[in-house]
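Undergrad: In case you want the letters, here they are:
Number of protein chains: 2
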Amino acid sequence: MTDQLASPGRLRELFSPASIALVGASDTSGWALNVYNSLRTGGFAGRFTPVHPRHPTAFGLATRSSLRALEEPADLAFVLAPTQAVEEVVYDAAAAGTRNLIILAAGFGEQGEEGRELERRLVDTAAAHGITLLGPNGLGFINATAHVAPYALTLSPPLIAGPVGVVLQSGALASAVLGFARGHSIGLSLLISMGNEGMVTTADVIDYLIDDEATRVIALFLEEIRQPARFAAQARRALAAGKPIVALKVGRSPAGQRVALAHTGAVAGDDAVVDAALRQLGVIRVRSLEELLVTAGLLGFAPPLTGRRMGVVTASGGACDVIADRAHEEGIEIPEFAPETVAALKAVLPPFTSPRNPLDVTGYGLAHLAGAARPITASLGAVSRDPNVDFVLNLGVVVPPVPPPDAAALEARLDEQVAIIAVSPVPVVPATTMCADLTEYSRGLLLPRRLHLLAGLDLGLTAIGHALRWQEKRQILPAKSGEYPAQPGEDRPRWLQEQPSGVWPETAGRRLLELTGVPMVPAVLAESEVEAVAAATRLGYPVALKACAAGLAHKSDVGAVALGLSSPADVRRAYARIRRMAAEGVLVSPMRRGGHELLAGVTVDATFGPVLAVGLGGIWVEALRDVAMRVLPIDSSDAHEMLGELRAAPLLRGGRGEATVDLDRLAEVLLRLSQAVALVGPSLQALEVNPLWCRGDQVEGLDVLVVTALEDG
Amino acid sequence: MTDQLASPGRLRELFSPASIALVGASDTSGWALNVYNSLRTGGFAGRFTPVHPRHPTAFGLATRSSLRALEEPADLAFVLAPTQAVEEVVYDAAAAGTRNLIILAAGFGEQGEEGRELERRLVDTAAAHGITLLGPNGLGFINATAHVAPYALTLSPPLIAGPVGVVLQSGALASAVLGFARGHSIGLSLLISMGNEGMVTTADVIDYLIDDEATRVIALFLEEIRQPARFAAQARRALAAGKPIVALKVGRSPAGQRVALAHTGAVAGDDAVVDAALRQLGVIRVRSLEELLVTAGLLGFAPPLTGRRMGVVTASGGACDVIADRAHEEGIEIPEFAPETVAALKAVLPPFTSPRNPLDVTGYGLAHLAGAARPITASLGAVSRDPNVDFVLNLGVVVPPVPPPDAAALEARLDEQVAIIAVSPVPVVPATTMCADLTEYSRGLLLPRRLHLLAGLDLGLTAIGHALRWQEKRQILPAKSGEYPAQPGEDRPRWLQEQPSGVWPETAGRRLLELTGVPMVPAVLAESEVEAVAAATRLGYPVALKACAAGLAHKSDVGAVALGLSSPADVRRAYARIRRMAAEGVLVSPMRRGGHELLAGVTVDATFGPVLAVGLGGIWVEALRDVAMRVLPIDSSDAHEMLGELRAAPLLRGGRGEATVDLDRLAEVLLRLSQAVALVGPSLQALEVNPLWCRGDQVEGLDVLVVTALEDG
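Going down the list, the protein sequences come from chains E and R.
First residue of the first sequence: 1, per my numbering; consecutive thereafter.
First residue of the second sequence: 1, per my numbering; consecutive thereafter.
What the hints contain is simulated information worked out from the structure, not anything from laboratory work.
Check the hints yourself; a few may be wrong.
[Said to hold, decoys possible] Some chain R residues well away from chain E (every beta-carbon gap over 10 Å; in silico):
| id | residue |
| --- | --- |
| 1 | 120 |
| 2 | 316 |
| 3 | 495 |
| 4 | 650 |
| 5 | 697 |
[Stated by the list, open to error] No more than 20 Å apart at the CA atoms, straight line, and that leaves these computed lysine to aspartate or glutamate pairs for DMTMM-like:
| id | chain 1 | residue 1 | chain 2 | residue 2 |
| --- | --- | --- | --- | --- |
| 6 | E | 243 | E | 211 |
| 7 | E | 346 | R | 275 |
| 8 | E | 473 | E | 605 |
| 9 | R | 473 | R | 275 |
| 10 | R | 346 | E | 211 |
| 11 | E | 473 | E | 584 |
Built from N, CA and C at the ideal position, the CB exists for glycine as well.
Can you make the complete structure from the sequences, with help from the hints?
TA: Written out as structure tokens, the structure reads:
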């Protein structure tokens, strides 16, 4: 029911009303004034009706006493009523036939259990009457395409329509976001302040924006990802549709150390999981609001950038230096020009300039006024035709803040640049040196010419790096789907179904891994000293003894492990010490020497579910957090990629004096480990092989920890 | 002679002329028009005389045919004459009594040997006549304090005077820099385009700015540091004077792999040396032009930030999230408010808000209009008095781009904020959410109130991080001085003085290290098989054999090393193989096992001279470039710091299963190693102990490589 009320069709209705009522409209309310002004700034041309139970007029208009008092129902009502009065307005809307509401009031789900109950009732009431509800605790939306801006903060004109859809989980950021977008002529299709997402959720809006023709790129400010499985499906759909999603996901700082039985949870930080998940999904993660908008602007306006070889045209050696530094950091190449380009440049460049990439035509080349032969313009043509470059970064579009004395000449120069860009065989990306707002005059020069300027070299090259990686991801990302964990089938072994919750005895963990083919070190469960010595003799000294019992975690810490036992006497002594902790018996295993010890485990993220993590033991995971992660499920290529990502990867490949590891074999074991998750099902809390010992093509788990929760917990 | 012409006194004269002549002034020259317009934009009130040999007028003014034709000599001449005609203008200036010249023309030192010769002659001519010369290939300067802006690019008004002195080694960046400074009301004292630095150098200008009262912070765009020893002395002087230097040093991308005999040179990249050197000197290194100006602006306008505990006042939960993330990355704390602050906040905050740090007064708290009781203002007072905070980040200063309907109320609110800031016990730093230009209206509100807004949270918190680290550096930086290498004294051993250049035999390297007390593994130089076996027996098996000869580098690669020999037969075989490469004999040493192997070496940077580098061997230095570096000389605390900086430091401290290392002992050895540099003198090219073996308090060099150049080479 609620789903249908938040469907793309219903959202289209919500976001494009022909008539709007403002409930709580009075001249003394700052909120009401803001909404009224925003509608005017946005250019709303439909019918607007102020509603107030007591004030007879607002903004010089006659009010109605309630929604019921309107002659025709408003398509949308923006509700400023206080928390306790909101539900009554919903009934009014239902009676009047108004199908869409924005609720500003706070004091709902964000305020404890009482507020949550209030919000549930509000949403249920709305749903029962077929009403779509945005908020509560939201500031509204701005549909720049349709000129409808019911928004409760001050908007500064003009509102520029364009390809970027913006979804904010914090509506108060809208003023800053709109100001920056305006300053850089980044046109928006729609901006929505989500509020508490009582009915309409971020995911609903993303679905709408993926289908929305006015939106070419989706920019998100996320405090949390509330429906991760749906988000993942949407990310895949957006990638397939060629509509990039750019996200600023906050909460990067650790929110306190998690206490975890398994080690994987401690080394796989929450934010690192977000990083891994977004990267897997082809969602571009940015680190600042400016980066969010500049990246979205580039993706919304520029043609697709499909190669990393960049030609550069500037009139400043300093800018060339800055570009070279940032390009290097982003992995963007600045190739040498082809001989024919060098020849063409020599013909148009002033003396004392070198026809090299990155190109500096010098101040003389910029100041020279001879029409199309002007060096900064003519060299753009030559560079854009160079066979070695995939795109051109062009600093030749220079627009002053106010009309210069030779404004006509300036416009002619811009037209020349536009003509060259139009016939360029590769994308041309115009940029400025530093991030500075466009003025009304400069916007007026650029917008009609469809020139979008990247906001400074630093943000600009960051955005170009994102765009390149996104295109590459589009090429290589296999069409993965499916949710995890799959509900385990009824045909899984009975002993697995009957395994009690909590920390499993190691024998049960070993049986689980045997089912998916993760190789484990040989182990014999001894229930007496004699059996232990016999097992040790059979397996070969030195051996390790470990207590085996349900509920037994942190075995080393509690003295339930004895390593490096090299004689029957050692084994007997260790057995005597350990047996009291060993409800199920004592595991005897041969010691493994040399090679590498890894940590491979699955932790269950509150948002994304099971996440596989792998890293080298010791300092690598502990101090350096050198851990590769993937939200499950993964395939074989993911497993290979994970190993390649580790900073410690050279160690596995065998540096000087290091043992090499068969990475194909190791990747296969990781994949099998990940497949064990489905066998356990949603009760899984942690599954960890630590250490996972590797030497050459020998890969063996030396210990396994499985922790489950009550199935309904 | 040249030094005196670039002294602070002479530069004061250069930068503050009362009369200016423009040589090459004509209505058809873009350059001339730019200089003329810049002087007008800057508000030059002195006498201006256009000079041209043929055009009788320029800009509606009568020209003079040459500098000699002026009635009174101009204090400064801006020379637009073409390259070959510049020298003649210098003679004119000398004859006319003009003591200061700016030379625009290119085609000098930046254009090969011929250009360098031309430049030398030009500078010599000027110097011979007591003329101070800025450039050639420079665009001039902008003295905003004195309203003198002889600059050859377009300036957009207004030019805002203030505390930031800017030195650009690429003058073409000035337009972007001035635009950004204007957009964020970052007032400049002086901006100089250095050009080729034929006479006046960057160092000369830094000296001037350190003494300049109008300048509180120095911002540098550096392509290269040409006088490193002088730069280091200036950095120390500036730090002592409390005048921060902020630098964007470009050239971060590696300019191709260096071929080096010693390993240290390969792992200690050029840019990493710059990083280390600037950090040592207390110079703030930034990574973008925007960061350069925002950091300089903060340091120029805000009171000193002396503690890391930040109180935060905002009207947006999203802004709080962004702040928390960035603060965490910068190591800035956001402590809990004291109980009295919580109580005070509860009294002024609207319902549904939590009195927590970072504080979000919510949109309601921003929109509420009740004067000084307005929550965003009242809470600033409460937070600024909190005993737990060292400074306050304040997002409550909100200025619209154009006058709002209630402009008077807005100004009253700003005045309330100013009053609270004035009595705040801790610094209050106002900031905006995103980087956006101020308009003329908003600048007009802020400037008279001395409110400087940080340009967005991302750049703003980066700048605050820099400011905090700079203050900390000021507190702890010992007053170090001295240049390196000190000229070695005449009393150094004769054998050292007589050592031929190139790769030293290892025995000579060992003797050098013995002099400064770097412990080396025992070694016996054997000149026969019998001697080798005797030495091995005495030292104890297993042993290593190495060929010893001048000119022998890469010993392992050429098979001149045999390791792990465990019997006399092994030693004899190895000796027979190695002896042909061993002009001086074969070194026999015991093998060392366990512990850690480090690389410790001195490489000689082209700019900064000898640099000590240390790192753990293997993957740490090879793949991860985990190397700590210091420009020499260092003291004991530096050596300790270096070890602490290594990412691999936990390994040395002894992780699980790792051998611990006596870090005091190791630091002492590093210090002694660095002292060996002075004994060799300026001919040193590389000095490397690799491996430097450590276990517990045992620290021993297992091999040493010394490379010297011809003393005059």
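Undergrad: Against this structure, judge whether each hint is valid.
TA: Taking the hints in turn, this is what the structure says about them:
For residue 120 of chain R, the non-interface assignment is confirmed: its Cβ lies about 18 Å from the closest Cβ of chain E, beyond the 10 Å cut-off. With a closest Cβ-Cβ approach of about 3 Å to chain E, residue 316 of chain R is found to fall inside the 10 Å limit, against its non-interface label. Residue-level check passed: residue 495 of chain R sits 34 Å from the nearest beta carbon of chain E, beyond 10 Å. The Cβ of residue 650 of chain R sits about 4 Å from the closest Cβ of chain E, inside the 10 Å cut-off, so the non-interface label is violated.
Remark: the non-interface label on residue 697 of chain R is consistent with the geometry, its nearest Cβ contact in chain E lying 22 Å away (cut-off 10 Å). A hinted pair counts as satisfied when its Cα atoms are at most 20 Å apart, and residue 243 of chain E with residue 211 of chain E qualifies at roughly 10 Å. Among the hinted pairs, residue 346 of chain E with residue 275 of chain R is inconsistent with the structure: their alpha-carbon atoms are about 37 Å apart, more than 20 Å. Our distance criterion of 20 Å between C-alpha atoms is broken by residue 473 of chain E and residue 605 of chain E, whose separation comes to about 24 Å.
For the given pair, residue 473 of chain R sits about 15 Å from residue 275 of chain R by alpha-carbon distance, which is consistent with the 20 Å threshold. For the hint linking residue 346 of chain R to residue 211 of chain E, the alpha-carbon distance of about 46 Å lies beyond 20 Å, and the restraint is violated. A hinted pair counts as satisfied when its Cα atoms are at most 20 Å apart, and residue 473 of chain E with residue 584 of chain E does not qualify at roughly 49 Å.
Taken one by one, the earlier hints fail for this structure at numbers 2, 4, 7, 8, 10 and 11, listed in ascending order.
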